[in-house]
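> Single-letter residue listing:
Protein chains: 2
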Amino acid sequence: MGEFELIRRHFQRPGVRLPPDVVLGVGDDGALLRPAPGHELAISTDMLVQDRHFFATVDASALGHKALAVNLSDLAAMGARPLGFTLALALPHADDAWLTAFARGLFALADSHACPLVGGDTTRGPLNICITVFGQVLAGRALRRSAARDGDDVYVSGRTGEARLALEHQRGTAWASTASGADLRQRLEWPTPRNALGVALAAVEGVHAAIDLSDGLVGDLGHVLAASGVGADIELAALPVAPALKALPPAERLECLLAGGDDYELLFTAHPAARDAVQTASRTSATPVTRIGRITAGQGIRLLDAQGQPQSVRVQGFDHFA
Amino acid sequence: MGEFELIRRHFQRPGVRLPPDVVLGVGDDGALLRPAPGHELAISTDMLVQDRHFFATVDASALGHKALAVNLSDLAAMGARPLGFTLALALPHADDAWLTAFARGLFALADSHACPLVGGDTTRGPLNICITVFGQVLAGRALRRSAARDGDDVYVSGRTGEARLALEHQRGTAWASTASGADLRQRLEWPTPRNALGVALAAVEGVHAAIDLSDGLVGDLGHVLAASGVGADIELAALPVAPALKALPPAERLECLLAGGDDYELLFTAHPAARDAVQTASRTSATPVTRIGRITAGQGIRLLDAQGQPQSVRVQGFDHFA
Numbered sequence: 001m002g003e004f005e006l007i008r009r010h011f012q013r014p015g016v017r018l019p020p021d022v023v024l025g026v027g028d029d030g031a032l033l034r035p036a037p038g039h040e041l042a043i044s045t046d047m048l049v050q051d052r053h054f055f056a057t058v059d060a061s062a063l064g065h066k067a068l069a070v071n072l073s074d075l076a077a078m079g080a081r082p083l084g085f086t087l088a089l090a091l092p093h094a095d096d097a098w099l100t101a102f103a104r105g106l107f108a109l110a111d112s113h114a115c116p117l118v119g120g121d122t123t124r125g126p127l128n129i130c131i132t133v134f135g136q137v138l139a140g141r142a143l144r145r146s147a148a149r150d151g152d153d154v155y156v157s158g159r160t161g162e163a164r165l166a167l168e169h170q171r172g173t174a175w176a177s178t179a180s181g182a183d184l185r186q187r188l189e190w191p192t193p194r195n196a197l198g199v200a201l202a203a204v205e206g207v208h209a210a211i212d213l214s215d216g217l218v219g220d221l222g223h224v225l226a227a228s229g230v231g232a233d234i235e236l237a238a239l240p241v242a243p244a245l246k247a248l249p250p251a252e253r254l255e256c257l258l259a260g261g262d263d264y265e266l267l268f269t270a271h272p273a274a275r276d277a278v279q280t281a282s283r284t285s286a287t288p289v290t291r292i293g294r295i296t297a298g299q300g301i302r303l304l305d306a307q308g309q310p311q312s313v314r315v316q317g318f319d320h321f322a
Numbered sequence: 001m002g003e004f005e006l007i008r009r010h011f012q013r014p015g016v017r018l019p020p021d022v023v024l025g026v027g028d029d030g031a032l033l034r035p036a037p038g039h040e041l042a043i044s045t046d047m048l049v050q051d052r053h054f055f056a057t058v059d060a061s062a063l064g065h066k067a068l069a070v071n072l073s074d075l076a077a078m079g080a081r082p083l084g085f086t087l088a089l090a091l092p093h094a095d096d097a098w099l100t101a102f103a104r105g106l107f108a109l110a111d112s113h114a115c116p117l118v119g120g121d122t123t124r125g126p127l128n129i130c131i132t133v134f135g136q137v138l139a140g141r142a143l144r145r146s147a148a149r150d151g152d153d154v155y156v157s158g159r160t161g162e163a164r165l166a167l168e169h170q171r172g173t174a175w176a177s178t179a180s181g182a183d184l185r186q187r188l189e190w191p192t193p194r195n196a197l198g199v200a201l202a203a204v205e206g207v208h209a210a211i212d213l214s215d216g217l218v219g220d221l222g223h224v225l226a227a228s229g230v231g232a233d234i235e236l237a238a239l240p241v242a243p244a245l246k247a248l249p250p251a252e253r254l255e256c257l258l259a260g261g262d263d264y265e266l267l268f269t270a271h272p273a274a275r276d277a278v279q280t281a282s283r284t285s286a287t288p289v290t291r292i293g294r295i296t297a298g299q300g301i302r303l304l305d306a307q308g309q310p311q312s313v314r315v316q317g318f319d320h321f322a
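Protein sequence lines correspond, in order, to chains L and Y.
Here the first sequence is numbered in our numbering, starting from 1 and rising by one per residue.
Here the second sequence is numbered in our numbering, starting from 1 and rising by one per residue.
A portion of the hints provided could be inaccurate.
Unchecked claim - Label pairs and their calculated CB-CB ranges:
1) L:Thr173 x Y:Ser146: 51 to 57 Å
2) L:Gln12 x Y:Thr173: 34 to 40 Å
3) L:Gly15 x Y:Ala273: 36 to 42 Å
4) L:Gln12 x Y:Ala251: 32 to 38 Å
5) Y:Gly140 x L:Ala203: 27 to 33 Å
Hints were generated in silico from the structure; no laboratory data involved.
The beta carbon of each residue, even a glycine, is placed where N, CA and C say it ideally should be.
My request is simple: use the sequences and hints to build the entire structure.
Printed below as a string of structure tokens:
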């Protein structure tokens with residue numbers, strides 16, 4: 001199977017109509033998009049590599065899902081509506097069954113976000129998946145890391161830590177040995193990007209900064225604080241805790257909650273006057289959000305116990321290159 | 001060196017001002033571009049893998065150049081002006097000298113096209129370079145593969161075949177053994193994308209289809225013909241021949257000219273009434289173009305000798321996956 005046949009068989013979908021903002025899709029030197037007037041184009045790219053972002057044993061359809069999900073999550077964190085994506089794929093060999101499953105997971109998520117494949121590239125090589133995703137957001141309304149302000153509430157969507165617990169369980173880590181269940185593995189392999197919430201938040205006056213949680217809550221919050229020149233107080237007792245995490249020893253539970261990685265939840269900040277509007281955005285997007293602290297004029301992150309006393313907690317962000 | 005430090009040291013350029021159409025560059029969840037009103041956004045992506053697109057021995061700065069050049073060439077073939085690009089990079093290890101050279105070649109070409117790096121991703125893994133490039137073109141004016149019409153002239157920019165000859169020389173192929181010289185190697189490792197020509201052509205009434213030559217003239221022309229539902233007569237005597245190719249045996253010379261690969265020249269078609277305007281576009285972009293044949297109502301490609309008689313020539317397109 002040559003490159004063109006591989007693309008035709010697995011990645012061209014003659015029955016699927018392109019939305020009107022995609023002027024030209026797969027099959028030319030490039031794609032053509034037409035963002036709506038008055039909008040900016042948001043762009044994000046992520047590269048997934050075996051043994052670093054996934055194991056060889058992962059289900060190919062889950063991999064197709066996750067490769068797009070992590071990119072959609074970046075658009076969500078900007079408040080941008082997805083328009084389309086490109087896929088560049090290096091494959092050690094053309095395995096029809098693998099490609100069929102990969103495409104199934106990929107397109108199921110793409111279709112559910114009305115985000116068509118508009119172009120790509122395939123080559124032979126060590127397995128590597130590089131997706132670049134495009135979205136649009138009203139000019140000036142994108143949620144940026146640098147926009148957090150002293151006094152903002154800090155929110156997180158969903159719950160953090162389950163993906164990390166699932167990863168440690170797969171790795172055979174002792175403290176994660178009792179964790180199990182399809183739900184947990186689902187959180188690691190089939191993350192849900194929070195695009196409906198992100199788009200709803202970008203429309204709320206008073207929602208300031210946002211980031212998606214890929215490297216862990218503390219590490220990613222740190223990026224927002226550094227970019228905004230502010231600090232944050234996080235109330236440990238306010239963090240949403242998944243049932244699977246409740247049985248963990250306290251130190252490991254905190255490690256998962258604060259430095260889990262692969263959560264793909266949104267962390268965002270908003271003026272306290274926007275609390276009702278944030279809850280409305282949460283309801284209309286059917287995405288739970290929890291207020292977990294506030295932005296301060298200080299530097300760095302203070303973790304507060306139930307009595308409001310700062311705690312010393314050692315956690316580490318997740319660095320894909322380290 | 002962690003991921004963030006690697007990006008900061010080699011890919012953030014605080015002294016370089018972003019053009020006004022880049023609202024937000026490297027450092028957030030995504031980039032923000034603002035295409036000019038009335039324009040469409042052209043997008044292309046290419047993935048380069050060691051031993052398939054380049055050898056381990058290639059100079060890293062040449063690799064940085066080529067990785068962006070092949071993408072800019074796709075924009076050229078659409079007639080789109082470059083706006084920016086993302087870079088996803090998998091590296092087996094963080095080698096400072098290699099990264100410095102890679103970035104030098106990459107940014108020299110980017111700067112010469114006013115095409116800034118707007119985002120990216122880095123990870124550890126087998127060497128893989130995935131660039132996605134964005135450009136803008138007046139709505140409805142993009143040059144498409146499907147737009148060739150019966151009676152059009154067929155043109156090629158520059159000359160084809162030198163990159164292939166250089167590749168065969170590097171491989172130690174007998175018939176390429178006498179070929180040598182820095183010029184030839186330059187054509188393989190430092191291709192010149194034809195963006196000024198592409199942009200000029202998109203503004204010419206009567207220029208119809210275009211494609212960039214990455215897989216060889218015959219193979220890429222075949223894509224235009226298939227997409228447009230037409231045929232073509234190509235005059236073998238009209239093909240521009242580089243001095244280095246003149247010494248080759250006739251069969252190998254034709255193989256290089258017609259199926260060379262890695263040329264990154266533009267092949268395009270235009271109504272005969274546009275001949276003067278095409279020559280003006282060639283002059284203003286300082287890019288030679290040669291008329292090599294015409295589009296017919298037939299099917300496939302006929303290769304004509306100096307007497308206008310069809311020749312039987314076996315050449316093969318280059319399929320990166322085969």
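> A separate judgement is required for each hint: does it hold in the structure or not?
Each hint tested on the structure:
Against the hinted window of 51 to 57 Å, the Cβ-Cβ separation of L:Thr173 and Y:Ser146 comes to about 55 Å, which satisfies the hint. The beta-carbon spacing between L:Gln12 and Y:Thr173, approximately 35 Å, falls within the hinted interval of 34 to 40 Å. A hinted range of 36 to 42 Å holds for the C-beta pair L:Gly15 and Y:Ala273, which are about 39 Å apart. Between L:Gln12 and Y:Ala251 the Cβ separation comes to about 35 Å, which falls inside the hinted range of 32 to 38 Å.
At roughly 31 Å, the beta carbons of Y:Gly140 and L:Ala203 sit within the given window of 27 to 33 Å.
The structure meets every hint from the earlier list without exception.
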